[in-house]
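Enquirer: Could you put the whole structure together from the sequences, leaning on the hints where they help?
Letter 82 of the sequence shown, counting from 1, is numbered 81 in numbering that gives the first Met the number 0, and no numbers are missing.
Keep in mind the hints are simulated off the structure, nothing from the lab. As the structure is a computational prediction, the values presented were derived from the model and not from experiment. Idealized CB from N, CA, C, for every residue including glycine. One or more hints might be untrue.
[What the hints assert, rightly or not] Beta-carbon label-pair distances, calculated as ranges:
#, residue 1, residue 2, range
1, Gln95, Ala10, 39 to 45 Å
2, Thr91, Leu111, 25 to 31 Å
3, Ala11, Val88, 41 to 47 Å
4, Gln95, Ser54, 24 to 30 Å
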Amino acid sequence: MPDAPDSAHLAAGLRQSLVRVVRRMRATRGFPLPQAAVLHHLDRLTSTSIGELASHERVRPQSMAQTVGELEALGLVQRSPDPTDGRRVLLTLTAQGTASLEEERRQRDDWLASAIEEQLDDAERAALAIAIPALSRIADT
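Expert: Structure, rendered in structure tokens:
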């Protein structure tokens, strides 16, 4: 039985490959990265404030307010009063925002599926299928 590959070597190769794949997938994105981050965050949390978004994304509240304003102008995000705290304003995705986010995900999935189909043979696709649960475990740590 062959020796297991060195973990440090695997880590470096995996990191480099994942960075390249993520960059390629981002190239298919219809939104600038700050806007996409807000849309994805709102999709996960349902609603939040500009301050909470800014803290999560590690940007100034003023910068986040500008990004949110751009998304609001596009009809992708809406503001509403917080029902429990009248001083706060909550942000949520509009139906158009949800649809745009789903379309972006579909485009990325289509690109990745096409790349897998075109670049990997059957054995490599099988190896990738086996690797997915292991990668998920790493991501969950």
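Enquirer: State for each hint whether it applies.
Expert: Hint by hint, here is what the structure shows:
no., hint, result
1, Gln95 with Ala10: 39 to 45 Å, "holds, 41 Å"
2, Thr91 with Leu111: 25 to 31 Å, "holds, 29 Å"
3, Ala11 with Val88: 41 to 47 Å, "holds, 45 Å"
4, Gln95 with Ser54: 24 to 30 Å, "holds, 26 Å"
Of the numbered hints given earlier, the model fails none.
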